[in-house]
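Put together the whole structure using the sequences plus the hints.
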Amino acid sequence: MRIRKYDHHYSRREFLGKVAQGAGSAGVLMSSWSAFAQTGQVNKAYPDELMSIEGYTKGKIKTGDEINASNVDLVKDLLEPIRYEQIKKNGRKLKVVKTTTDVMRLSPWEYIEATLKNAGKAKFDGQSNVVNASDGQPWIGGNPFPDAKSGIELLAAQTLSWGRHDASFYAVKINDVAVDGETRFRYAGGWAELNTVARVSMDPKPYWPEHKDKLRFQTVFFTGPQQFRGTSFMNVWDYDQRKFPALYGYVADFRRIRQFPADQRFEPLLPGTTLYLSDAWAAGDPLLTWGNFKIVSRGPFLAGLSGSWNSAHDNWEHKTHGGPKGTTFWDSTVELVPEAILVEASPTGYPRAPISKKQVWFDARNQVVVGMVTYDRRDQPYRSFDGAYSLYDDNGKTFMDGQHPYWSWCHVTCSDIQTGRVTRLEQVRVIEGHASGANDPKMYDKYLTQTALMRLGAG
Amino acid sequence: MSVRVKRWFGATAIVIAAATAGTAGAQELSRTDRKLFGGDLSFNGQFRIEAAFSTSGRMSAANQFGLGSNNRRIPRSAGNPVGACDPFSSNACEYGDTGLLFAPWTTTIDQGVNPSTILNDLLNVNIPLSPVFPPTRGVEQLSPTGTSDVFRRYIPTRDQDVNYHLLRFEFQPTINWPNGWSFISRIRAVYNPNDYGYQSFSYNRYKDINGGFETGKTLRQYDGKPDQLGYEVDGEQRPLLFEYSNNDFMVDLPAFFVQWTNGNLTARLGNQSVAWGQLLFFRIMDTANGLDLRRHLFLDRAIEEFADERMSAPGLRITWQASDNIVLDAFGQQFIPTIVPNSNTTYNIVDSRFILHDNYYKNDNNKDINYGFRLKGEFGNYNAQLMYTSRLNQLGAIRWRKSGINKPLPSSNTLGFAFNQACPALILAHNAQYGTNLATDNGCGPLLGETAFEVAPGGLNVAEEWFDRASYTKLDALEGLARVIDEFPAATTLLARPVGKNSVAAYNELNAFFIASEGLHGHVERSYFREDVFGVGGGFVTEGEPGSLFDQIIINVEATYTPDRKNTSVDLRQRYDERDEVQAGLVMEKYHRFSTSLPATYMVFQYLWQKEQSLEGLLLDGYGSENYSPGGQYKLTKGVPTNDDPKITPGVNGGAHYVVLAALLPGPQYIFEYSIAALIDVQGGMLVQPGVQWKPRGNVTINAFYNYLDSDVWGNNPNKSFVSFIDFADEFCLRFGYQF
Chain A
1 MRIRKYDHHY
11 SRREFLGKVA
21 QGAGSAGVLM
31 SSWSAFAQTG
41 QVNKAYPDEL
51 MSIEGYTKGK
61 IKTGDEINAS
71 NVDLVKDLLE
81 PIRYEQIKKN
91 GRKLKVVKTT
101 TDVMRLSPWE
111 YIEATLKNAG
121 KAKFDGQSNV
131 VNASDGQPWI
141 GGNPFPDAKS
151 GIELLAAQTL
161 SWGRHDASFY
171 AVKINDVAVD
181 GETRFRYAGG
191 WAELNTVARV
201 SMDPKPYWPE
211 HKDKLRFQTV
221 FFTGPQQFRG
231 TSFMNVWDYD
241 QRKFPALYGY
251 VADFRRIRQF
261 PADQRFEPLL
271 PGTTLYLSDA
281 WAAGDPLLTW
291 GNFKIVSRGP
301 FLAGLSGSWN
311 SAHDNWEHKT
321 HGGPKGTTFW
331 DSTVELVPEA
341 ILVEASPTGY
351 PRAPISKKQV
361 WFDARNQVVV
371 GMVTYDRRDQ
381 PYRSFDGAYS
391 LYDDNGKTFM
401 DGQHPYWSWC
411 HVTCSDIQTG
421 RVTRLEQVRV
431 IEGHASGAND
441 PKMYDKYLTQ
451 TALMRLGAG
Chain B
1 MSVRVKRWFG
11 ATAIVIAAAT
21 AGTAGAQELS
31 RTDRKLFGGD
41 LSFNGQFRIE
51 AAFSTSGRMS
61 AANQFGLGSN
71 NRRIPRSAGN
81 PVGACDPFSS
91 NACEYGDTGL
101 LFAPWTTTID
111 QGVNPSTILN
121 DLLNVNIPLS
131 PVFPPTRGVE
141 QLSPTGTSDV
151 FRRYIPTRDQ
161 DVNYHLLRFE
171 FQPTINWPNG
181 WSFISRIRAV
191 YNPNDYGYQS
201 FSYNRYKDIN
211 GGFETGKTLR
221 QYDGKPDQLG
231 YEVDGEQRPL
241 LFEYSNNDFM
251 VDLPAFFVQW
261 TNGNLTARLG
271 NQSVAWGQLL
281 FFRIMDTANG
291 LDLRRHLFLD
301 RAIEEFADER
311 MSAPGLRITW
321 QASDNIVLDA
331 FGQQFIPTIV
341 PNSNTTYNIV
351 DSRFILHDNY
361 YKNDNNKDIN
371 YGFRLKGEFG
381 NYNAQLMYTS
391 RLNQLGAIRW
401 RKSGINKPLP
411 SSNTLGFAFN
421 QACPALILAH
431 NAQYGTNLAT
441 DNGCGPLLGE
451 TAFEVAPGGL
461 NVAEEWFDRA
471 SYTKLDALEG
481 LARVIDEFPA
491 ATTLLARPVG
501 KNSVAAYNEL
511 NAFFIASEGL
521 HGHVERSYFR
531 EDVFGVGGGF
541 VTEGEPGSLF
551 DQIIINVEAT
561 YTPDRKNTSV
571 DLRQRYDERD
581 EVQAGLVMEK
591 YHRFSTSLPA
601 TYMVFQYLWQ
611 KEQSLEGLLL
621 DGYGSENYSP
631 GGQYKLTKGV
641 PTNDDPKITP
651 GVNGGAHYVV
661 LAALLPGPQY
671 IFEYSIAALI
681 DVQGGMLVQP
691 GVQWKPRGNV
701 TINAFYNYLD
711 SDVWGNNPNK
721 SFVSFIDFAD
731 EFCLRFGYQF
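Here the protein sequences line up with chains A and B, keeping their order. Counting along the first sequence from 1, when you hit position 120 you're at 120 in our numbering, and nothing is skipped either side. Counting along the second sequence from 1, when you hit position 226 you're at 226 in our numbering, and nothing is skipped either side.
Just so you know, the hints here were simulated from the structure itself, not pulled from any lab data. Check each hint, because a few of them may be wrong.
Label-pair restraints from in silico Cβ distances [unchecked claim]:
#	chain 1	residue 1	chain 2	residue 2	range
1	A	348	B	538	30 to 38 Å
2	B	549	A	13	32 to 40 Å
3	A	62	B	379	57 to 65 Å
4	A	348	B	323	30 to 38 Å
5	B	371	A	292	38 to 46 Å
Calculated pairs, DSS-like style, for lysine-lysine (alpha carbon to alpha carbon, straight line, at most 25 Å) [claimed, not checked]:
#	chain 1	residue 1	chain 2	residue 2
6	A	95	A	357
7	A	319	B	225
8	B	638	B	611
9	B	35	A	442
10	A	44	A	117
11	A	294	A	123
12	B	590	A	243
13	A	76	A	121
14	B	35	A	397
15	A	357	A	76
16	A	98	A	76
17	A	88	A	58
Partner residues aside, some chain A positions facing chain B, computed with beta carbon under 8 Å [claimed, not checked]:
#	residue
18	21
19	181
20	184
21	224
22	246
23	256
24	264
25	273
26	318
27	399
28	400
29	432
30	458
Where a beta carbon is used, it is the ideal one built from N, C-alpha and C, also for glycine.
Written out as structure tokens, the structure is:
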């Protein structure tokens, strides 16, 4: 039971005050990090109206309800503008589930443990790279800034570990839906990422000694349609975030691997989409090739953090709704996030990047990215990204990641605000034998070498 | 492997792939749990319609309908062999400019002299005088004794509207097993829908002339209409294990292999292609596989390089990721030659009057193995590579060969009649001198079968053609004539003589035999030889002001050294030319954003230098020839200087230099892609290809591009450039593809 002085306006005032100060921990009643570190819960950090949709809407929307055109105005402030527009005009719907209070269900178990264990040990070195403060070596695992007070800290943590596993492979399906509801482009493929430092699960940890100078290997490849079958790109990230990753690609027509310029991070990966390498995890580029980091707002937010794993489908594929043909949007669940931090940054290292800035929403409780909007060079909203994470533990079915249920993203909606096109991405169980999962020691040989690219390009 | 076993194996492979495809096709597209043989089955595929519409209307100058001599009235007078020495005494057979008294073929037979008289006097025989014959097909203004006339080639020049059309279906079934094994295949089926738009020459239309074309009875591509898609070699109609093809269709398996992966090691066993090197289009290190040029030559969308041309071969490939930076790649594959377009097909580059015998099968080269390795290291912004290949050069080398066609000269003209009468005596003398056992019952046929020529309609008829075709093919008209005589004793027996550098004598001599034969076809053979290719390469990526033109330029250089490569000699002599070849290339690639609203433009500059050979693999020595015609009167190829004192094979000094400039500018979201590519032969040839690709939706791709070719850009002799082989092919190309 909270005392009444914490009314709806109190939290708003608190958020505005922190933004104005340009600093401050997450949490309204207390630091959410401190609350979590002490109790494993963040409830104590927020008043009731921020911990449930009922509280926020004063009972007008309840857990289990659907947010649609008829009631979206009640939660307009909890949504990015494009999601609001899509719900209001294009038939998009969101199912509301209970706010997750157990933070251990909001990230991989080992990542959270490492975050707790290594709290306070990180700092930026003279080159603005995150290092272990005690020895100046690369970061040792978990979130280096769990009580983040600045935009760069939030984006630095996100850049250091995208999927919060040491290694992840995502079997991915992509559908690009036009304004008329026609799915014009369909792609399938895989995305592999493997950290060489800040490892918390896979041996050797925290570093893979031979690659201590690197941050990660990452590959994206496509299995269909035929024109792109075997096309792949591999990034080798330097730990120094001032440097561009080396970029190699297998070009199916050429039947061989070629080197690509490292700064081409704003090129559409595929025809018909506006997905860039730069968009990955809202932190697809080396941190220090961006700049002007700042927190621009704080406040509650609606995001998909649970209940989005479709265990009912044997390949985890999701259903759709909305738009002219019922194919434009994912069936999604959202929950009230008590505090999201909106961080802005500019692509300072890319003189002719098609975007002028990005705004990224972080769940203040655990710094998970829950949304992003990029702006074009005229500073007009360009693309909006919203997605859903989940613990893969649903209705008695569990997909394990070692000792614990797998935690990962489930689907992403990328909306081109200017054209109305929507690109839907989803993580599926398997594509052509390439199965989603985490921390597989074979992942490096399988996906993250030049030999692997040649193999993936077979045929 | 016997032919029967091989065919069964190939057929089984196609059945397996088709069954895989059928199973896959029966499944719901969106499902991913398809299973076959215990593995995960997946598939992709495409249908595509492809067409190229000629904007020049011209046909290849190598084809019957594209010859510059068609419909031209060109006078001919038979040379006089008198002055020739005793044909059986080699000591006296040297040509007159060596100081000997006799200079055979330097004059023509006088008007009114019956050719039988000359032969009687020369050979000391007693053959009857040749009667008067009416003019044969194409002959006008025939002299009373039949030794001079005006010849008008009876095969017309035709305009062709459609250079190329094809229906294509490709299907890629793949099975992945969880234990590291995969089966990967690609079926390609193409069909040439009839002759719509083509001007298809058929020798069958001329079989009433001198019994038709004997070679057509044994080699498919010379029988009837052009063999659009078949690949036949001497002794075997279908020499490739993973291909079944015929005139108008082909089904093959460019990929059909099992793959095994164990950590950093990958092995592939089966039909597959291997591509090495950083340069695009210029194949310096790309030595493993040849090209299949049957469909659209290399005139497909340039930005796709050799996507449809690169050949596969059965073999084993092992790739080992030795360390994070170093990859070792090794292969051993059956040798398969580069396949050139068949005679009289649109992009044919071998003059159709020359029958190209392919010795791939006869020489058992199908049992030979090409093998090699490449070591490649990537070190951030730098890379290096070393390679070695031991291979049979897929291009092969060509030389004269015996025709083997025992067919007499036509006795429907005075010269042919006279020779046929004299030949029994000549054959007896020939048998005595060379220990042969040629029959004497078929005129000059047995002797002709021992030469490189065949009497047949649609052949070479005027001496100007010989010079023109030699220069077009980058061969030496005079030395080539000499070798086809002095290396084939039967030719000497038939009174032919090398005439050194004397174009006039060559002209007279050729006309004598062309008049007598009423058309000759030459026979050449293509054989393959092992060579060692050593290569080295390196590259780096520049670093400059972010976003500047000089930032992130990817620069690579490559070079190979091939000692003792066997080449086609410019005179097609029996002993192949042999010399060291060096290739060196530079490629600079840059992706640059010119605006914030458009994706980056891809720009590439490439340069290739080859010490001895041109891009298509002929010696540079043979380039740049001029043509002979008395007074320069009859020019058969536009732009080629034709005169009384032509420069024959002046060659190209300093090696061949080629430049590629290309750019690809995508529109937003890559819905449209605009491209332009130019291949420049600094000797004066150019191929320019502007194009656009439109992807209205994911499963539809439409390509439109234009091929502009010019072999005398600087106003020079087109024979200096390799583009002269294809400069007829100005064309608008359209492709409509549906993928799934």
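So, going through the hints one by one against the coordinates:
Taken as a hint, the range 30 to 38 Å holds for the pair residue 348 (chain A) and residue 538 (chain B), whose Cβ atoms sit roughly 33 Å apart. At about 52 Å, the CB distance of residue 549 (chain B) to residue 13 (chain A) disagrees with the hint of 32 to 40 Å. At about 60 Å, the beta-carbon gap between residue 62 (chain A) and residue 379 (chain B) stays in the expected band of 57 to 65 Å. For the pair residue 348 (chain A) and residue 323 (chain B), the beta carbons lie near 35 Å from each other, so the given range of 30 to 38 Å is met.
The hinted range of 38 to 46 Å is not satisfied by residue 371 (chain B) and residue 292 (chain A), whose Cβ atoms lie roughly 56 Å apart. Of the pairs offered as hints, the one joining residue 95 (chain A) and residue 357 (chain A) is violated, with about 30 Å between alpha carbons and a cut-off of 25 Å exceeded. Our distance criterion of 25 Å between C-alpha atoms is broken by residue 319 (chain A) and residue 225 (chain B), whose separation comes to about 56 Å. Straight-line distance between C-alpha atoms of residue 638 (chain B) and residue 611 (chain B) comes to about 28 Å, which puts the hinted pair past the 25 Å bound.
Only pairs whose Cα atoms come within 25 Å are accepted, and residue 35 (chain B) paired with residue 442 (chain A) is accepted, the gap being roughly 23 Å. Between the alpha carbons of residue 44 (chain A) and residue 117 (chain A) the distance comes to roughly 21 Å, so the proposed pair stays at or under 25 Å and holds. For the given pair, residue 294 (chain A) sits about 18 Å from residue 123 (chain A) by alpha-carbon distance, which is consistent with the 25 Å threshold. Among the hinted pairs, residue 590 (chain B) with residue 243 (chain A) is consistent with the structure: their alpha-carbon atoms are about 19 Å apart, no more than 25 Å.
Taking the CA atoms of residue 76 (chain A) and residue 121 (chain A), the gap is about 39 Å. The hint is violated against a cut of 25 Å. Taking the CA atoms of residue 35 (chain B) and residue 397 (chain A), the gap is about 23 Å. The hint holds against a cut of 25 Å. Proposed proximity of residue 357 (chain A) and residue 76 (chain A) is supported: the alpha carbons are some 23 Å apart, at most 25 Å. This hinted pair checks out: residue 98 (chain A) and residue 76 (chain A) have alpha carbons roughly 19 Å apart, not beyond 25 Å.
Using a Cα cut-off of 25 Å, the hinted pair residue 88 (chain A) and residue 58 (chain A) holds, with the two alpha carbons roughly 21 Å apart. A cut of 8 Å between beta carbons decides the hint on residue 21 (chain A): the least distance to chain B is about 34 Å, and the hint is violated. Taking 8 Å as the C-beta contact cut-off toward chain B, the hint placing residue 181 (chain A) at the interface is violated, the least distance being around 13 Å. Of the supplied interface hints, the one on residue 184 (chain A) holds, with its beta-carbon coming within about 4 Å of a beta-carbon of chain B, less than 8 Å.
Taking 8 Å as the C-beta cut-off, the interface hint given for residue 224 (chain A) holds, the closest approach to chain B being about 5 Å. Given the 8 Å rule on beta carbons, the hint for residue 246 (chain A) holds: about 6 Å separates it from the nearest Cβ of chain B. At its closest, the beta carbon of residue 256 (chain A) sits 4 Å from a beta carbon of chain B; the interface hint therefore holds under the 8 Å criterion. A distance limit of 8 Å between C-beta atoms decides the matter here; for residue 264 (chain A) the minimum to chain B is near 5 Å, and the interface restraint holds.
About 6 Å separates the beta-carbon of residue 273 (chain A) from the nearest beta-carbon of chain B, less than 8 Å, and the hint is met. Checking residue 318 (chain A) against chain B by beta carbon gives a least distance of about 12 Å; that is not within 8 Å, so the hint is violated. Given the 8 Å rule on beta carbons, the hint for residue 399 (chain A) is violated: about 16 Å separates it from the nearest Cβ of chain B. For residue 400 (chain A), the shortest C-beta to C-beta distance to chain B is roughly 17 Å, which exceeds 8 Å, and the interface hint is violated.
At about 4 Å, the closest approach between the beta carbon of residue 432 (chain A) and any beta carbon in chain B falls short of 8 Å, and the interface hint on this residue holds. With 8 Å as the threshold, the beta carbon of residue 458 (chain A) comes within range of chain B, its nearest partner Cβ sitting at about 5 Å, so the hint holds.
When the structure is compared with the earlier hints, violations turn up for hints 2, 5, 6, 7, 8, 13, 18, 19, 26, 27 and 28 and for no others.
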